[in-house]
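Residue numbers (our numbering): 1 to 74.
Certain hints may be false.
Derived lysine-lysine pairs resembling DSS-like cross-links, with alpha carbons at most 25 Å apart [to be verified]:
hint: 1; residue 1: K35; residue 2: K46
hint: 2; residue 1: K72; residue 2: K48
hint: 3; residue 1: K3; residue 2: K35
hint: 4; residue 1: K46; residue 2: K62
No lab work stands behind these hints, which were simulated from the structure alone.
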Amino acid sequence: MAKFNKDSIGGTISVVVLLSLACSIIVAGSAVLLKPTQEEQKQLDKQKNILSVAGLLQADTKASQVKEIFAKNI
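Make a model of the complete structure from these sequences and hints.
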């Protein structure tokens, strides 16, 4: 079995490729896991904007209250 030479060009490229692959898997996994939260926040922001324009929203209103007010009035 041949010994792996870390100081060679092939060894350097191997490390770079493996590190890039690991990082891309982490980023892709994070994006997939956070997608539902992003969609929920997008919808909440839209509801806040609608309620704000209608004059039904105060500055310190919580997310659960926004959903409640939106469901009741819109």
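Report task. Mind listing which of the numbered hints don't hold for this structure, in increasing order? Result -> Of the numbered hints, just 3 does not hold.
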